[in-house]
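For this one, chain A is given, so just place chain B on it according to the hints.
Listed below, chain by chain, are the residues.
2 protein chains.
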Amino acid sequence: MTTDELTAVDVDLLAVDTLRFLAADMVQAANSGHPGMPMGAAPMAWALWSRHLKHDPADPDWADRDRFVLSAGHGSALLYSLLHVFGYDLPLAELAAFRQLGSRTPGHPEVGHTPGVETTTGPLGQGLAMAVGLALAERMTHARHPEITDHHTYAIVGDGCLMEGVSHEAASLAGHLGLGRLVVLWDDNAITIDGSTALSTSDDQLARFAAYGWHTVTVTDGTDVEAIDAALRAAKADPRPSFVAVRTVIGHGAPGVEGTSAVHGSPLGEPVLAAARARAGWDLPPFSVPDAVTEVCRLLAGEGAARHAEWRDAFTAYAAGAPDRAADFTRARARRLPGELSGTLAAIAEGRSRATRQSSQDCLIALTGLLPELVGGSADLAGSTGTATGAALVTREDFAGSVIAFGIREFAMAAVLNGISLHGGFRTWGSTFLVFSDYLRPALRLAALMGQPVIHVLTHDSVAVGEDGPTHQPVEHVESLRLIPGLQVLRPADEAETVEAWRRAISRTDGPTALILSRQSLPALPIVPNATHLKTASAGADRSGLSREREEGGAVQVEIVATGSEVSLAMEVAERLASGGITTRVVSAMDRSLYVPDRSVPRVSIEAGVTSGWRGLVDLAIGIDEFGASGPGPAVLAHVGLTTEAVTAQITALLSELET
Amino acid sequence: MTTDELTAVDVDLLAVDTLRFLAADMVQAANSGHPGMPMGAAPMAWALWSRHLKHDPADPDWADRDRFVLSAGHGSALLYSLLHVFGYDLPLAELAAFRQLGSRTPGHPEVGHTPGVETTTGPLGQGLAMAVGLALAERMTHARHPEITDHHTYAIVGDGCLMEGVSHEAASLAGHLGLGRLVVLWDDNAITIDGSTALSTSDDQLARFAAYGWHTVTVTDGTDVEAIDAALRAAKADPRPSFVAVRTVIGHGAPGVEGTSAVHGSPLGEPVLAAARARAGWDLPPFSVPDAVTEVCRLLAGEGAARHAEWRDAFTAYAAGAPDRAADFTRARARRLPGELSGTLAAIAEGRSRATRQSSQDCLIALTGLLPELVGGSADLAGSTGTATGAALVTREDFAGSVIAFGIREFAMAAVLNGISLHGGFRTWGSTFLVFSDYLRPALRLAALMGQPVIHVLTHDSVAVGEDGPTHQPVEHVESLRLIPGLQVLRPADEAETVEAWRRAISRTDGPTALILSRQSLPALPIVPNATHLKTASAGADRSGLSREREEGGAVQVEIVATGSEVSLAMEVAERLASGGITTRVVSAMDRSLYVPDRSVPRVSIEAGVTSGWRGLVDLAIGIDEFGASGPGPAVLAHVGLTTEAVTAQITALLSELET
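Protein sequences appear in the order of chains A and B.
Okay, so the first sequence: first residue is 1 according to my numbering, each after it adds one.
Okay, so the second sequence: first residue is 1001 according to my numbering, each after it adds one.
Errors might be hidden in some of the hints.
Stated by the list, open to error - Selected chain A positions facing chain B (in silico; Cβ < 7 Å):
(1) S32
(2) S200
(3) T201
(4) S202
(5) L449
(6) S630
Keep in mind the hints are simulated off the structure, nothing from the lab.
In this text the structure is predicted, and so the values were computed from the model without any measurement.
All C-beta atoms in this analysis are idealised placements derived from N, C-alpha and C, irrespective of residue type, glycine included.
For reference, chain A alone in the conformation it holds in the complex (with noise of 0.2 Å):
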């Protein structure tokens, strides 16, 4: 059979109907799940995937590939369903296991995990927020190689997507830089888990999306697949980024329930889905595949694996023509680092006093020269965060710059450097204030979830921050960030610090790193070299940066451990208990979950912060379990007790109280 033939059939109906089918089967066999989206988006996919889609599902990691997200990620099974018909390696076994430990198809998408999935989504409006960076990432690839690329990006996103914030952000910053190429279809099926959306919107979104900046096409009949095409064809021919609002049912053909949120996230039960059954036509046994959609999904596959051989012979001759460039391509999309990263960053280590944030500048300028690839930006604190690296901007203009002006857009910020991250070919980072890393959580676990090595650039970490007061002091933010799972989060102490956090968290190619800065200027501490304190990374790594000791005179009576600015105050503490005849070791954990106690003698931990994750590792754990208040850093900090005199005082005691 050709394509041509396989259309006589209806084809287009027989591949919605197998997708449905699918969906709902996987669901029903898990007894979890969501079949209403999957049963309504499913003409929209299938419109989507049969005639606009560029992927090759023998190489899921093809470079110029068009992304696909489905932001409404509880439709997982729809997404399946379509992964497995064109012919990823998703057999029907692993649909059949929907839902069940150590299968290819959880609950929600998971990068990483199917092949074909090119994002992990379930958190609302994150999609859509990543698609923005995927879309970007595209246009940045564009801007350094375009005679290899040339993708779109196609997102699906529900009604729960359009009411998160993020949506707010990342569309308008869509708009703003005219990402012609990203295409959002919007399921509006006007049903959420509660009801209608007419319990709580009221939203003219089409309106919405044209005050962003945005193209808007409509689809009244969400069934129609021709319907469908001829928007998406209208929304690539559109400069701007498009918004398509499909008009869909939710739960389509499934008697008594369809268009109810009663199939949002329930299966059906036997008895409704053999009335779908009846009410469609089907009288194939569950999870089965006509044999002219497999088909006609094995020539499409053609189609993109032949487009795929025709850009690899694209990419040979780029490579011919411009090996060092194509060789930069190649490099940083298998996120390689070049050998001068060494150099340039020991080129920084100069051991200035100041504040961490100016040292980090240096890195990220230095890092910015050395590597294309890297590219990132502020939410709109370039300046304060020592962000502002000079690189060109990213403008709707040209998009070869490589710092991103975000806006005062945190969420969307780190959500759309997820993408880029995805995308493939970039190194990302982000820059606010630690205080605000708590608008961007949600886009920063993510980060993790996916392995995503995401550097954000937090600032201004304690209350020494000062006069701006307490909503601009965090106090809990170091240790929240240190609960979520595979984020590493380096709290150096001084530029040398700095410079060696850098290398790590550009080092580190499988998960995010957070960077936390200081406001102030901190004095250079003293190396020792041979530090014994503090577990390596790895046997035989590099310890440089490691360790700021200070261990004189004769055996220590006391293990100060301190991050950040509280190494310098330990330094001061040690200097005076010295002078009272104690003998103080000091150990600076910019990583903490590197740190080893020596149990062998009585610890003390200083952090200007929260003080419930020390407490297993010290004695004495000295921080800030309150919110801080406005006014001067130093007098800030001797109102919280974060001073040398009250520091000494306190340990004093506590070496007075343990020897009685």
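Just chain B now, with coordinates in the frame of chain A:
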């Protein structure tokens, strides 16, 4: 002088310049702060406060006053200047102590700290969302007490507020609910910290707000007090919420720097400040208020006091005609609970084995019946979180209900609840899945900082969520909530503890509470009335529900402390250990901050989340320090080692180790 006579000397211009120079002087004296916003926005603030705002500076707590929110909280100097000139208890000495420790003029406005400050602002966008809450509370109060309720809510927002995602969520909700008494003034100065707004946004804000169902107006000259006044009159006349775009120049009147980001967040410096004075013909020394301004403000304050007196008469009449309703009004504003509370809750604790979210639902239903002031809603998870109480919905047609359908807008939900709580007269609750507490975390922090008793019902509290997978399985969240100073975090183990948790949540009047509840059913546990291993909240307090202990046989050999669903696991483990001859004490630490470890015996904690916060309390912290996985709940729990067998083995191994 009469008001008319004063107007004749162009007191408007005089007053506006007074506000400008007071603010600039404050920032200059502090050598820290934001002069640009006050200088640009002074005319709109003056137009609002002199011609519209209904308030009585002598009594900032007047229930029916208009509310004013400075969402652009960095412009605090403007607000303090307004409060001073209108005669609030904020003398010049406090303005001169701007941003100093202990002053009443902190860097960002802090409610409860300064008379007349309605909300704590600074974290951008949240002021707008709290203003929506205040405006909603006005309508809800009006529905209950129409005779004594008739006020407006005004907010000044900046570009940053409008870029933040929460502005979308909140504005969309306000449009949906038709909050016509909400008037938002946009300080459209086209400048952010990093420069021109054109760097990062191209939004058509008027079209955007119109898409939300708002009325919009533009004032093209932000120094034209008459034009602003006219726009405010139009805004109040329109039945929709109003968005008034006022084109301003940041740092208006500061030669050489006005209209640039240079005046955003730094003092002008003496030379520029002197030049500004010269240009304005302002030859008064720093911190001056011309007599004419003092006089007109005194007259205006007098008008406010007269309206307040009229209101007091109206309230007296109301109390005479409807004493019960008036008493309820007064009781609710005082956050006093009726005496029936204990009985109402005691009637619930039947000790059924079921999910704590289900037990919680009964508490919420009972409390809603008892407390007409108890209002709240879910971010589209009413059914799932056990917050579908059957109480009437709040709609744009009828605000008498007690349930708000917040839609999929967690952040706005939390911020709007803060606003309702700040308004007074209500107790508030919200609900979503625990994992999505990340989305609302910034507002929860602000609730804690402001001491607002908002109750958050956070369910699906562990990997036992199961099939939805790691995006929906909280791991770090309980611990991360415990880090927020002043947030009461309660994770009850069964129905009786859930009732006790609600009792504590509703009894607390000075800070927020997070109720952490299970999706899955939990067995009712035996109560040990005389538990000795948990601190009481205060000496002599009722300790019922604080503790579930199992302490049998001889001397205790190991103490297991657990929370929520893991208490029943601990009980099973204790039974298993007992069969091996080991006597175990099990402690349920619903509120971990009250747990006092028995350091005379080995201790183990069990909680289905990250362990770092437990390590200082126990010898072995059993938990989950990685992301979960998609699969049936019991399979996932087994995967992470939270089974009776695995935990028993770990504890047995610990005891063997300690013996040797």
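message: Output the indices of the hints that this structure fails to meet, ascending.
response: Structure breaks no hint.
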